[in-house]
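**Q** Sequence:
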Amino acid sequence: MTLEKVIEALLFSAQKPLSIREIATAIKAAEDDLASETPNEFGRVKDAEIAAALQQLKLEYIEQGRAFQLVEKAEGWQLATDPAFAKWVRQLFPAPKPARLSAPALETLAIIAYRQPITRADVEAVRGVNIDGVLQTLMERGLVKIAGRAEIPGRPLLYATTQFFLDHFGLRNLDELPNAEELRRRYLPVAQPVAGIGDAGRAGSSASAKATADKSAPARTNL
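The opening position of the sequence shown corresponds to residue 1 in my numbering, with each subsequent residue numbered one higher.
If you're looking for bench data, these hints aren't it; they were derived computationally from the structure. Worth double-checking, as some hints may not be accurate.
Below are the BS3-like pairs computed for lysine-lysine, each with C-alpha atoms no more than 27 Å apart in a straight line [claimed, not checked]: (1) 87 - 16; (2) 58 - 46; (3) 73 - 28; (4) 28 - 87; (5) 73 - 5; (6) 73 - 16; (7) 16 - 46; (8) 5 - 58; (9) 73 - 87; (10) 46 - 87; (11) 46 - 28; (12) 16 - 5; (13) 16 - 28; (14) 46 - 73; (15) 58 - 28; (16) 5 - 46; (17) 28 - 5; (18) 73 - 58.
Simulated restraints, written as ranges between beta carbons of each label pair [claimed, not checked]: (19) 85 - 163: 25 to 33 Å; (20) 51 - 102: 35 to 43 Å; (21) 84 - 130: 37 to 45 Å; (22) 2 - 155: 52 to 60 Å; (23) 30 - 139: 40 to 48 Å.
Even for Gly, the Cβ is constructed at its ideal location relative to N, Cα and C.
Put together the whole structure using the sequences plus the hints.
**A** Okay, here's the thing in structure tokens:
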């Protein structure tokens, strides 16, 4: 019995990604399992030991050329089929393929991802077109959410990406976006503030507005 094998069993049985803290809790809780006939030799395991064991498992799967791999997601670690076997595994899940995002939707999503939280008017200032339909699509897909209101006249809504956005694109956090720092510093046009006009999201926006986003929204990056 090794720590790696215990962690492997937990990951194999889990229905969702497991964080190091969740793995540690599960391992230590076995100490009080009355159904167990053997002592829990890993009852005092430390988070650093679990992190090292996860890296060891990940390396072993790669070296052995297994058909699955250990991946780290935003919510934790998870066993997943190697993408090389996707066309065969897909036959077990014959549900209709989800519709692909259109080019305008991807462009809008990229602007929100790199400049969040951001108002609808500021996104439209960059794209030069109305984004009502596209924004609604992104929200229905669970990729974008309302993250608060900007402290400017009209207090327009602010938009940000969701946890599902990170999971969908295989990111642990927003810092893993390609060229994140460079693109966040690049100048983009912003909407001109219009006093007295609110949002039901459209006018009264400024990229320099101080956000009153909820605590779960990512911090705004200066343009």
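**Q** Taking the hints in turn, state whether each one holds.
**A** Outcome of the hint check:
| no. | hint | in the structure |
| --- | --- | --- |
| 1 | 87 - 16 | 22 Å, holds |
| 2 | 58 - 46 | 19 Å, holds |
| 3 | 73 - 28 | 23 Å, holds |
| 4 | 28 - 87 | 39 Å, violated |
| 5 | 73 - 5 | 21 Å, holds |
| 6 | 73 - 16 | 10 Å, holds |
| 7 | 16 - 46 | 22 Å, holds |
| 8 | 5 - 58 | 12 Å, holds |
| 9 | 73 - 87 | 22 Å, holds |
| 10 | 46 - 87 | 39 Å, violated |
| 11 | 46 - 28 | 10 Å, holds |
| 12 | 16 - 5 | 18 Å, holds |
| 13 | 16 - 28 | 19 Å, holds |
| 14 | 46 - 73 | 21 Å, holds |
| 15 | 58 - 28 | 22 Å, holds |
| 16 | 5 - 46 | 16 Å, holds |
| 17 | 28 - 5 | 15 Å, holds |
| 18 | 73 - 58 | 13 Å, holds |
| 19 | 85 - 163: 25 to 33 Å | 27 Å, holds |
| 20 | 51 - 102: 35 to 43 Å | 40 Å, holds |
| 21 | 84 - 130: 37 to 45 Å | 41 Å, holds |
| 22 | 2 - 155: 52 to 60 Å | 56 Å, holds |
| 23 | 30 - 139: 40 to 48 Å | 42 Å, holds |
Checked against the numbered hints above, the structure violates hints 4 and 10; every other hint is satisfied.
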